[in-house]
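**Q** Given the sequences, and given the hints that come with them, work out the whole structure.
There are 2 protein chains.
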Amino acid sequence: MGKLLRVNLTSGKMNEEKIPDEVLRDFIGGRGLGVKILYDELKRGTDPLSPENKLVILTGPVTGTPAPESGRWCSVTKSPLTNTIHDSHSGGDFGPYLKFAGFDGVIFEGASEKPVYLWINNGNAELRDASQLWGKDVFATSDAIIKGNKSVRVACIGPAGENLVKFANIINEKHRAAGRGGHGAVLGSKKLKAIAVSGDIRPPVANPDALRQANERVVKKIHEMSATGDLLPKHGTAVLVNDINEEGGYPTRNFQTGVFATAERQSGQTLTDTLLMDRMGCWGCIIRCGRVTKVPAWSPYSGVGEGPEYETIWAMGAQCGVDSLEPIAKANYVCNELGLDTIEMGNLIGLTMELYEKGYIEKELTRGLDLRFGNPQALVELVWRTAYRSGLGDDIAEGGAKLAAKYKAPHLFMGVRGQGLPAYDPRAFQGHALGFATSNRGGCHLRAYMIAGEVVGEVTGQKISFDPVETKGKAKWVTIFQDLYAACDSLVVCKFNTFAVGAEEFASTLSAVTGWQYTSQDIMKTGERIYNLERAFNIREGTHGEDTLPKRFLEEPMPEGPKKGQVVRLNEMLGEYYQLRGWKNGVPSKTKLSELKLDRAADEVGV
Amino acid sequence: MGKLLRVNLTSGKMNEEKIPDEVLRDFIGGRGLGVKILYDELKRGTDPLSPENKLVILTGPVTGTPAPESGRWCSVTKSPLTNTIHDSHSGGDFGPYLKFAGFDGVIFEGASEKPVYLWINNGNAELRDASQLWGKDVFATSDAIIKGNKSVRVACIGPAGENLVKFANIINEKHRAAGRGGHGAVLGSKKLKAIAVSGDIRPPVANPDALRQANERVVKKIHEMSATGDLLPKHGTAVLVNDINEEGGYPTRNFQTGVFATAERQSGQTLTDTLLMDRMGCWGCIIRCGRVTKVPAWSPYSGVGEGPEYETIWAMGAQCGVDSLEPIAKANYVCNELGLDTIEMGNLIGLTMELYEKGYIEKELTRGLDLRFGNPQALVELVWRTAYRSGLGDDIAEGGAKLAAKYKAPHLFMGVRGQGLPAYDPRAFQGHALGFATSNRGGCHLRAYMIAGEVVGEVTGQKISFDPVETKGKAKWVTIFQDLYAACDSLVVCKFNTFAVGAEEFASTLSAVTGWQYTSQDIMKTGERIYNLERAFNIREGTHGEDTLPKRFLEEPMPEGPKKGQVVRLNEMLGEYYQLRGWKNGVPSKTKLSELKLDRAADEVGV
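Order-wise, the sequence lines are chains W and C.
Final position of the first sequence in my numbering is 607; the numbers increase by one with none missing.
Final position of the second sequence in my numbering is 607; the numbers increase by one with none missing.
Any given hint might turn out to be false.
[Stated by the list, open to error] With a cut-off of at most 30 Å between alpha-carbon atoms, the simulated DSBU-like pairs for lysine-lysine come out as follows: (1) C:K147 x W:K408; (2) C:K294 x W:K363; (3) C:K402 x C:K363; (4) W:K408 x C:K150; (5) C:K147 x W:K358; (6) W:K406 x C:K174; (7) C:K150 x W:K406; (8) W:K13 x W:K3; (9) W:K147 x C:K358; (10) C:K174 x W:K363; (11) C:K363 x W:K294; (12) C:K174 x W:K408; (13) C:K3 x C:K408; (14) C:K294 x W:K358; (15) W:K597 x W:K476; (16) W:K150 x C:K358; (17) C:K408 x W:K294; (18) C:K363 x W:K147; (19) C:K114 x W:K114.
Just so you know, the hints here were simulated from the structure itself, not pulled from any lab data.
**A** So this is what it looks like as structure tokens:
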């Protein structure tokens, strides 16, 4: 680990760099290394869509090794949606194939004048002309680069990225997405259309025997736990629809309630019974939660593709008051083609519908589209319009905070730090709510998936359940999840692992791969280091904002269902959270930062 | 008449020019003048999408005067779809408003480096930056330029024109379109996004009393005739659906048959009973055939807009095997927003469906869209994909001849000179078939609308009917229509006039407006001059091709209905047509060209 390619898109110059061992030791790879690079290299106040912003594509030391669930990669940049540090992750084959191509990561900086794409094969990299690809969608771009060569994998942007949609993604293998905060727009601003990787350079493993032993334990635990051994393989992530709805926390019609009466029509079971064609796994995966689906011919929404995942089903479904899986799946397919993030897109359609129903958006602006909740047509049409900034799509493309502000109803945007919330009503899950509020990259379920304890009841291989409406003890668990996940994202392995394994297994795997000894304490400390450095980045930018949630969750009691009457009691948790973190009012102390060997951050932002 | 603005988009230089009286006398204005300018100024072999091509926006001497039906304008260029001379016409207010802005027309040449739009107000013209408009659709562009100023009219291109779709239109007042041959793409190649016009300069009328008298006669005849006085006002152009279907000439599923079993579901009466909201007329119109429609909320195709007209209903409907008006109307609305021609678009969707059903287009290329005839979803989805060149849309955007050739089935393209045929199966209407075959701008019903005699039974104010399956005498009528229409397009007045009035009334109107005496013979001779000069243009280019039709019409007998067993008997008419024209095998003789005062053409191409 540690061989990076630096690509200056302004000059076209490329050079290899070796990350020093002590940095790798402290930040591992993936998310941790990306955050470190951006903290060190980015000037305060950098416009995310300017050539001065950088975007780092990274794997981790575990990526592409025989360790299970190691088929992922990540992207780190300053987000044009949130103006914060922002990492995002994707599965498929691309991560391992980047390794096989000879690099652990690529730092993109500057901006090209003309469209280009990066081609890497067995350690050789070249920037190639992409003029003919500019304007093409994800599928056409991928096909045009691959030209039938089965050993090449492509990550690229679609029209949404080119059009600087603030939640445009980078899509690999046509259906796998990273970049809700607009990583696709950052590449669009740099005129980088794609990255194609191929090769047969296998990543080193320091101690293969130890890795084999570690893997056996991980595989065993993945099979043992119900989430990873049964539910995810059988019904995919959509297995959560019924669970979360039954908990009364399935956000419906822009989080107006947590109960969606017809949720069953979009459940994992229904998906399995209707649209499911096949199951898919990422490279090296034994869980295989991916779904290949098809909406049948003659449906007004016919199509084929991967997904929809739980978050997408919710975003295009309950969030918009739509129950049928067919328009949901179709909207998902088109998002993939055009390079849009499905969570943000669906969150925003729901917001648009509430703005419309409440009279903030006038009828004249809709081009005849009925924007009341429940209209399935609105999904697909608004996806097209947003990617191409047509009509209202031009406003939606700016993200929820700007959209709601433009139409004079900022209180209707259900997000944190400019990024929309995903598929869990915070009023139903106090711990998860704290995770949302303190997320460094804005509204996100993947910083601290407290649902694992608050609903699923399986955490790092143990049967652990927390009462979702309880606030006591939640702060501690949120810090544990946040730190563990920061490490997990740096190894890089799939987060679904963490239903079955935790810091101990990560330590064994990482030690075996790197040859450096990590304890579970080292893993957690490294996660804490990363989480603090992200926070420091945002404070330096002045974009850290307040650790809070939209008023709806703090002041409007849940109107119905099992969580009726609940609001988020953030004030019962936030003080304890800051204390545990060693933060003062959301800002890390100098002591804490120094303890984490973040001395520059201690100087720059510590209190 | 005769004050033109020449805009060099390369240099940004603009200057006024006065067309000499003798040219105006011989070519009138509009189409005639445009063809004359292009013949004189364009170098042989000019690439239609290069800066060397020119596009002329024109009105005629009658435009914007109190003469009825004078609210139109025209565009003339070398078409990227057909590589021939190409004129196209549109209604609304834009033509008269261009006059009121102080110019009779604008010649665009060169190409701008950055997007610009032309702003003209009361004789003052300026090129303004359109960087912020580039990428925007027709509605957003129009609104952004008009900014609520009710005295401004805008003609612009949408994304389809920017993306050089070969049948992108120029759209004025959001719903009125000109340019099936890709005039929008020509403007796109020149980076000219829009033309905005306003002012209060009224066009001169040499003899107002004489014009008043002429107008009275025209108004009386328009009211008297059934087509213009009753059917078009009541049901719009869609009144033809049932008539043409009952004649067995309503082309169905890419012209595989002339009978569409469920045509009633898309008839003018059904449109009136279901989607119709309001009736509209162009500036100064007393027929008012325009339709404002709405597809109701909760339809998967909800929307509002103008149209669909007869040709659109057919193109998106029977041509694609779709009968419901809702998806047809929606596809129409989106075409207007994105700047696509509905006839060509529908013709091409039908072609794509036949290519798919017959196995020429493989399933993998459809992105899961069911492309069998009759799938209403395909309409709207392929409109989006074509405007933005997504997936198969990238091939469709090149037009039918290239599309069919790419998929190795050139015989399935139902068009002439690269332009798709409109809504009349030639096998059902021998005279109309000859009009298609000899059209200088490729497949077009508006060069010689023989349907007026072969179906409607009203021609220039008289009850005249021809037997549609008869070939005798048709050549003569085709030349009459072609010449009369060339004059009509040069005055400029609406062709629907010609159900009610003809050369005599045109002569009276034109004499009154210009102060020059025209006889009906002068009108017809001028039309003949224009038609011959167009032909000469195409011959000089080498793009005139053969005056023929796709083999389907010549060799495959109509399989069912009232015209069962018919093929087009072109050889029974073409010889006579050439003889009447004074052409040898499609090429005008030197004698004929000289007789028409086309001496340069006589030298360059005459035989």
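**Q** Take the hints in turn and mark each one as holding or not.
**A** Hint check results:
no. : hint            : in the structure
1   : C:K147 x W:K408 : holds, 20 Å
2   : C:K294 x W:K363 : holds, 13 Å
3   : C:K402 x C:K363 : holds, 20 Å
4   : W:K408 x C:K150 : holds, 26 Å
5   : C:K147 x W:K358 : holds, 26 Å
6   : W:K406 x C:K174 : holds, 25 Å
7   : C:K150 x W:K406 : holds, 25 Å
8   : W:K13 x W:K3    : holds, 17 Å
9   : W:K147 x C:K358 : holds, 26 Å
10  : C:K174 x W:K363 : holds, 17 Å
11  : C:K363 x W:K294 : holds, 13 Å
12  : C:K174 x W:K408 : holds, 28 Å
13  : C:K3 x C:K408   : violated, 49 Å
14  : C:K294 x W:K358 : holds, 22 Å
15  : W:K597 x W:K476 : holds, 22 Å
16  : W:K150 x C:K358 : holds, 29 Å
17  : C:K408 x W:K294 : holds, 29 Å
18  : C:K363 x W:K147 : holds, 18 Å
19  : C:K114 x W:K114 : holds, 15 Å
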